[in-house]
Amino acid sequence: MSESQNKDNKNEAALTVFKPRTPKKANVEPAVVTDQRTVIKVKAPQHELTRIRQSIRVQDNSIGFAAAKLEADDALQQQKIVLNNRFVLESTLGAGGMGTVYKAQDLRKVEASDIKTAVAVKVLNDEFKNHPDAFVSLQREASRSHILSHPNIVTVHDFDRDGDVIFMTMELLSGRPLDSLLRDYSGTGMSLDKAIPIIEDYCSALSFAHQKHFIHSDLKPGNIFVTDEGTKVLDFGIARISNVAAVKDHFDAGDLGALTPAYASLEMLNGGDPHPSDDVYAAALIAYELFSGKHPFNRLPANEVRDKKLKPKRIKELNKRQWQALEAALVVDRDKRTQSIEDFWNAFANKKRLPIYRVISAILLIVTVWFVYNTFIAQSEMSKLADSTFIKASDCLANKKANCAMEGAKAVLKLTPDYPEAQLLLQQAKALKLAQTLTELFNDVHQCIYNNNDTVCAEKALYSMQNLASNADQTLNAEDELSNFKERTAIANALKNAEQCLQEKSYLCVLENTNTILDLRPDHIQATSLSQQANQQISQLEKKRIVTQQQYDNLIIKANNCFNNKDYACAKKSADSALVLNSTDEVRAIQRDAEMALIEVKRNLLEKKRNRARADNMVVQARQCLAKKQYDCAIAKSESALNLVPKYPSALNTLKQATEERQKLKTSFSLQ
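Taking my numbering, the leading residue of the sequence shown gets 1012, the next gets one more, and so forth.
Don't take every hint at face value.
[As the list claims (entries may be wrong)] Cβ-Cβ distance ranges computed for the label pairs, FRET-style:
| hint | residue 1 | residue 2 | range |
| --- | --- | --- | --- |
| 1 | L1609 | S1550 | 19 to 29 Å |
| 2 | T1199 | Q1551 | 17 to 27 Å |
| 3 | N1361 | S1197 | 27 to 37 Å |
| 4 | S1124 | A1360 | 56 to 66 Å |
| 5 | Q1551 | L1616 | 17 to 27 Å |
| 6 | N1488 | I1557 | 46 to 56 Å |
| 7 | T1500 | Q1222 | 54 to 64 Å |
| 8 | L1445 | D1530 | 34 to 44 Å |
| 9 | T1199 | T1466 | 16 to 26 Å |
| 10 | K1444 | E1328 | 19 to 29 Å |
| 11 | D1596 | L1552 | 19 to 29 Å |
| 12 | N1504 | Q1543 | 17 to 27 Å |
It is worth saying that the hints were derived from the structure and are not from the lab. Ideal Cβ placement from N, Cα and C applies to all residues, glycine included.
Given these sequences and hints, build the entire structure.
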């Protein structure tokens, strides 16, 4: 990308859509059709890449990572992101501190009909991208590729940027990151024959880098990749230079803060100058994890290890010499720690260094012999050696020794690259190795399922099989085994729950569990029987409910009628009976109103009784006044009695008599 193009694309990147789709007008500029692909300029592709990275990074286990990876891959399939109109991002491979790694197709290699068109693309995340020296770090890793050319160091092709997306392309590796592999051996550790070749390979890579004055400075399981061809070390972009004077610029990768506390030396944590012993400390920590399945200091940083005076627990599988070499490399204090990666590996592998004069003599002897051999004998002997090596490799293949056959075939091809039979043998050996690996993993799936009853363990093994050969018969058989086991487990659990629910008379619960079973196995006899029993019970309960509901409705009607007729005792009795059948707010309201009405009736009756007694007393007093011809007194007492008991006959009669007598008395006075 030229500088002018870079300015024009500051906030844009190319997005290639291989299936017709209608882009949103708000985010898309006019499309340009080239090479039968529709290239659409989409704003802010970094947003989608960041979302994918976050989805990947939040997963802490292999099953969660697999699910997040599928989601991210689906997003990439729906909208294929193309960087610089060249690299088509196809799927996610992983995520680390610096960024996310994708599998991509190199369109230039596709156009050139190259056999290997796939590459790995590492896209820097926002935290590193926004760091002023991040671009320099990526440029450094690409520029160091020719300096750090080694079989155990990943090959970096180039670095570039597309708008605000900074990325680097490198060789695509086939295998597994060591951190993922370690999860399979968590708490147990690898066998020595599996772990030692991995350690030897990454120590070889570090030794080569140290000879070139590069300190990795962030060695950890996530930066080590295990392939069928060997182990490779990644991420030399933040490697620091031990010989500072050899560098003309002032950039120091340590300024990025890109270190992992669990694997960083004490001096790195304190911001000290880089030293090969920093990588020795990390290499020893990883070796300990490989052998034991756990970090020697429970992932605590070196300063806490020092403060707590922690010591690594002895690994019983290592002999005394091996343990002493590992323990010396795990010392927190640099001055007391093994100083070089060569010293660590030589001590561990019991390789003694020759004195320098012996080394020089040996080299001179080898050069002399090689010159004579190459001049007079080489061609014929090389051919014979290649043939004999091929025969041995063929025997290895016949005896099902895949690794031996592969190494032999590779040795033949190094001696004689144009050896078709060896090329075929190598392909057959790789196929045998794949078949053997699949068989081992299939047995692991079987072991996890039938011996350990552990589906998570089985899913891990199956995931490895799918990564190796998703369409292989053994992989498909393992998928069937796991699927059938899950089905049987689900049926057994649902059947147990259904029987328990039937005992508890929870019939809907019975149906819920039997439906789960019958969805999987429509002909399941026990589930069918339990379902029928539950339905019969539900049917009987429904009939009882209908009868009860009718009784309830009748009682409610009766209670309301009684209440309206002021027969409150009847209303309360009917409400009480309805409550026995169904306790509802309506029934409680009728019951409450009837009780209050009965209380009021009783209170009124009592009041009337009291008034009647008082009225009788007033009538007696009125008659006494009448007898004494005290007519006004008799009238007043009678009226008081009538106020207490209206229309009271005795009071009315007394009032009438007193009134008449008073009138007669008034008349006689007027006649006189």
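Tested hints:
no. : hint                      : in the structure
1   : L1609 - S1550: 19 to 29 Å : 42 Å, violated
2   : T1199 - Q1551: 17 to 27 Å : 57 Å, violated
3   : N1361 - S1197: 27 to 37 Å : 29 Å, holds
4   : S1124 - A1360: 56 to 66 Å : 45 Å, violated
5   : Q1551 - L1616: 17 to 27 Å : 49 Å, violated
6   : N1488 - I1557: 46 to 56 Å : 55 Å, holds
7   : T1500 - Q1222: 54 to 64 Å : 56 Å, holds
8   : L1445 - D1530: 34 to 44 Å : 37 Å, holds
9   : T1199 - T1466: 16 to 26 Å : 19 Å, holds
10  : K1444 - E1328: 19 to 29 Å : 25 Å, holds
11  : D1596 - L1552: 19 to 29 Å : 23 Å, holds
12  : N1504 - Q1543: 17 to 27 Å : 21 Å, holds
Checked against the numbered hints listed earlier, the structure breaks hints 1, 2, 4 and 5; every other hint is satisfied.
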